[in-house]
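Sequence lines, in order, name chains X and A.
When the letters of the first sequence are read in order and numbered with numbering that gives the first Met the number 0, they come out as residues 0 to 522.
When the letters of the second sequence are read in order and numbered with numbering that gives the first Met the number 0, they come out as residues 0 to 334.
Don't read these hints as lab results, they were simulated from the structure.
Mixed in with the good hints, there may be bad ones.
Among the chain X residues that face chain A by a calculated CB cut under 7 Å, a handful are [unchecked claim]:
no., residue
1, G314
2, S315
3, P316
4, P322
5, A323
6, I326
7, E339
8, A340
9, R345
10, S346
11, L353
12, T356
13, T357
14, V412
15, F467
Values in this document were obtained by computation on a predicted structure and should not be read as measured data.
Backbone N, C-alpha and C define an ideal beta-carbon position, used for all residues, glycine too.
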Amino acid sequence: MTVTGTDLLLEATGVSKTYGAVVALKSASLAVRPGEVHALMGANGAGKSTLVKILTGAVHPDTGTIAVRGRERVVHSPAEARRGGLVSVYQEPALIPDLDIRSNLRLTETPIEPFRHWLRELGLVDLDLSSMARRVPLASLRIIDLARALAIEPDVLMLDEMTAALPANLTEKVLEVVGRLRGGDRSVIFISHRLIEIAAVCDRATVLREGETVGVVDVTEGSEERIVELMLGQAVEALSAQPEGAAGRQIPAGATPRLTVRGLSHGTKLHDASFELYPGEVLGVVALEGQGQDELFNILAGSERPSEGELLVDGSPVSFRHPADAIRAGLVYVAADRAEALLMQRSVRENIALPFTTRIRSWGPIDLSGERKRVDTAIATLQIDTRARGEVRRLSGGNQQKVTIARWVAGGVRTMLCFDPTRGIDIRTKSQIYVLLRDLAASGAAVLLYTSELKEVQLACDRAIVIFGGRVVAEIAVEDADEPALLRAAYNLRSDARMPEHLAAEAVAEADAAAEAAAEADR
Amino acid sequence: MSGVASAPSAPSARNPWLTATAWRRLFRDRPILPLLALLALLVALSELVRPGIVNPNWAGFILRTAVPLAILAGCQTLTMLTGGIDLSVGAVASGSGFLVATLVGDQGLAVAILAAVVVASLAGLLTGIGVGVFRVHPLIMTLGMGLVVFGLANWWQLVMVQTGGGTPDELRWIGSGSFMGIVPHSLLVFVPLALVILVGLRRTGYGRLLYAIGDNPVAARLSGARAWQVIVLLYVISAVMAAIAGFLVSGLTNVASVTLADSYVLPSVAAAVIGGTSIMGGRGGYGGTIVGALILTVIISLLSSLGYPEAVRQVLFGAIIVTVAAAYTRITAES
Numbered sequence: 000m001t002v003t004g005t006d007l008l009l010e011a012t013g014v015s016k017t018y019g020a021v022v023a024l025k026s027a028s029l030a031v032r033p034g035e036v037h038a039l040m041g042a043n044g045a046g047k048s049t050l051v052k053i054l055t056g057a058v059h060p061d062t063g064t065i066a067v068r069g070r071e072r073v074v075h076s077p078a079e080a081r082r083g084g085l086v087s088v089y090q091e092p093a094l095i096p097d098l099d100i101r102s103n104l105r106l107t108e109t110p111i112e113p114f115r116h117w118l119r120e121l122g123l124v125d126l127d128l129s130s131m132a133r134r135v136p137l138a139s140l141r142i143i144d145l146a147r148a149l150a151i152e153p154d155v156l157m158l159d160e161m162t163a164a165l166p167a168n169l170t171e172k173v174l175e176v177v178g179r180l181r182g183g184d185r186s187v188i189f190i191s192h193r194l195i196e197i198a199a200v201c202d203r204a205t206v207l208r209e210g211e212t213v214g215v216v217d218v219t220e221g222s223e224e225r226i227v228e229l230m231l232g233q234a235v236e237a238l239s240a241q242p243e244g245a246a247g248r249q250i251p252a253g254a255t256p257r258l259t260v261r262g263l264s265h266g267t268k269l270h271d272a273s274f275e276l277y278p279g280e281v282l283g284v285v286a287l288e289g290q291g292q293d294e295l296f297n298i299l300a301g302s303e304r305p306s307e308g309e310l311l312v313d314g315s316p317v318s319f320r321h322p323a324d325a326i327r328a329g330l331v332y333v334a335a336d337r338a339e340a341l342l343m344q345r346s347v348r349e350n351i352a353l354p355f356t357t358r359i360r361s362w363g364p365i366d367l368s369g370e371r372k373r374v375d376t377a378i379a380t381l382q383i384d385t386r387a388r389g390e391v392r393r394l395s396g397g398n399q400q401k402v403t404i405a406r407w408v409a410g411g412v413r414t415m416l417c418f419d420p421t422r423g424i425d426i427r428t429k430s431q432i433y434v435l436l437r438d439l440a441a442s443g444a445a446v447l448l449y450t451s452e453l454k455e456v457q458l459a460c461d462r463a464i465v466i467f468g469g470r471v472v473a474e475i476a477v478e479d480a481d482e483p484a485l486l487r488a489a490y491n492l493r494s495d496a497r498m499p500e501h502l503a504a505e506a507v508a509e510a511d512a513a514a515e516a517a518a519e520a521d522r
Numbered sequence: 000m001s002g003v004a005s006a007p008s009a010p011s012a013r014n015p016w017l018t019a020t021a022w023r024r025l026f027r028d029r030p031i032l033p034l035l036a037l038l039a040l041l042v043a044l045s046e047l048v049r050p051g052i053v054n055p056n057w058a059g060f061i062l063r064t065a066v067p068l069a070i071l072a073g074c075q076t077l078t079m080l081t082g083g084i085d086l087s088v089g090a091v092a093s094g095s096g097f098l099v100a101t102l103v104g105d106q107g108l109a110v111a112i113l114a115a116v117v118v119a120s121l122a123g124l125l126t127g128i129g130v131g132v133f134r135v136h137p138l139i140m141t142l143g144m145g146l147v148v149f150g151l152a153n154w155w156q157l158v159m160v161q162t163g164g165g166t167p168d169e170l171r172w173i174g175s176g177s178f179m180g181i182v183p184h185s186l187l188v189f190v191p192l193a194l195v196i197l198v199g200l201r202r203t204g205y206g207r208l209l210y211a212i213g214d215n216p217v218a219a220r221l222s223g224a225r226a227w228q229v230i231v232l233l234y235v236i237s238a239v240m241a242a243i244a245g246f247l248v249s250g251l252t253n254v255a256s257v258t259l260a261d262s263y264v265l266p267s268v269a270a271a272v273i274g275g276t277s278i279m280g281g282r283g284g285y286g287g288t289i290v291g292a293l294i295l296t297v298i299i300s301l302l303s304s305l306g307y308p309e310a311v312r313q314v315l316f317g318a319i320i321v322t323v324a325a326a327y328t329r330i331t332a333e334s
């Protein structure tokens, strides 16, 4: 599968990018042939989105080159990438809501007739071009976005999670149209979490892991397993490593769940999700991006209301109209986005004490010494570095996250909902948070922990549930919840489907060969 | 990744008090200091322009004039902390003063004042419901409510045209009188009110929530705060404060008119902004606002002592407000 540089449509070699101390991309390469649909794969944090941003000109790489039809290009902006023949379509449609469709098309200088042609091809026949983008259903907007991209006949079309949250019939149409592009002189870079789609339309797949291109796979029947193995890397070898900290406690028979979720649905993302959370356990939630976990946590935190399904706390049904209702029922929420949870200009103390004064009966004078005692205890429990306590925005990310947790610990926790609480914070703080979550569970609290880092499940959880397409598709005991098992389940592959040893070895060898080839091309 | 994101810079060999960074840090941590310095500078300038003008009588006059402005600027401070603003204070203050003047003859002072406070609270309640429950932007809501109150006051003027009325003596005593001709009686109202606001903002759950909602409404909501409750009460408080200011203004000027306090609206916003309260919410306090009100009052007195025509004074006043606000934001900003 060696390819000479000249007959490639798009070639990125040795691309790297660091943000401060964080290495987002170490050495990524991507080679797209004319007429192929090329999948770009990688687990969370593998560097996929950074590479996409570099290709589209939104981010500038530290090193590396990008060549289109053999000519090296420096792309400074998405508009420039567009002129260079690379057009992207994202999960969120890029149309201006307060303009009608025709004006939106004019903005991007899209020819109308080809646009109409592609709309018909995509099965959207009854669109009125003079309707406001705001009034067009979201699914149709995604299709319009795609038709708009197709109409200007780009050399390379990049579809980034375009089919996520698209209804099944439209997804089919999109895949059909993408499939028809194969064999021409244009190419498609296809990014999706759904392996079935990859298998259906893609010719080859480039797999990223930890910022590096670890392999290029010809997509044939059964190559999904190989792709997953490549995404996992050494995790396969680390199978025998014993998890520390995770207790895997047995739930006593007949115990009442702290939280029962039955048939919860919301919009297009969450469909009929059901599970139970018991006191004294940390229940991990694992899902690829955009599988409905955001909606699930928003509903549990009282920020959004489900369209269907019921919630039970300690066996009795509840309905939350406001986060205050969830808090009163003992459900407290730790968000991944600290900008969402913190008063950046206020002190550590005020941030931690915020929930104490939200109810009208506590609007009066504050018992300052009592408050100080509770806040200081929480600060000590979480080991928050308070050198910059005057304003929370001057704290480091890890300390900021600790403040969002301390706020609830100070009040006594019954049920804590943590949405990716360790995203983007340092390793030491991460392990402190795991220990804290274990301690909370040991003292009888129930903890629901969504994490985008699969490793965390065995470090902090007692068991894990996996959400795919808005449904709970698997429950995995902590002993079995290693990265391969979780990732398979997250891609909705059978959890017992283990790859035979020889196949794994082959995959690794091929990855090495691909890396060598890439190195060759570099020279 | 531990510790402070913006660590203090390494101390230089020079005297740290002479570096711009040191001054900036001082101003950032104690934003009231540059304000007091500016106030002192303006007082010195007044003395320079008209030697002998700065005396106890002058100080009493400045205080007497500044008190209603400081109260109205308090309305702006509280609402601005939540990211709002109250432009209805002019109409509410004028209307309240006018209502007292028309009712006092028949009903007596206590009933007249009670009636005015109740009417003002109702206006504040409606504003609060509009802003807090129906999410009308505070700028629009309070401008509209100001117009409604002004219209009602006009109608009341037609109804009450036969009763003479006039500012009651008690209001004149408190608004324009002073102990020994120096210490204004209005401080009897202002000092307790200012203490309640200053302590309330720091040491009550409600005060904390005002800052929280202005700083990050999403975080406040996720922590269980129901913003509408806070907002509704806020605009009632603001309207009652505006009514109190209206009583003092009508006592100070011995006039009861439906447009009496209109000219205070812009200065009240300016005093809060100059005093360091962010119009975006979440930052500021009442201490700075009080100094801001004093600064504006001294500027007005200085401008009139220069003997320029009214038009020139207005232009200068506007220009100075903008300059001071811009400069203050700059010297107290994060480096």
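Do the hints match the structure? See the list:
1. G314: Violated: closest Cβ of chain A sits about 23 Å from X/G314, beyond 7 Å.
2. S315: violated, 20 Å
3. P316: Violated: closest Cβ of chain A sits about 21 Å from X/P316, beyond 7 Å.
4. P322: With a minimum Cβ separation of about 5 Å from chain A (threshold 7 Å), the hint on X/P322 holds.
5. A323: holds, 4 Å
6. I326: holds, 4 Å
7. E339: Cβ of X/E339 sits 5 Å from chain A, so the hint holds.
8. A340: holds, 5 Å
9. R345: holds, 6 Å
10. S346: Cβ of X/S346 sits 10 Å from chain A, so the hint is violated.
11. L353: Where the cut-off is 7 Å and the nearest Cβ of chain A is about 5 Å from X/L353, the hint holds.
12. T356: Holds. Min distance 3 Å.
13. T357: holds, 4 Å
14. V412: violated, 14 Å
15. F467: violated, 27 Å
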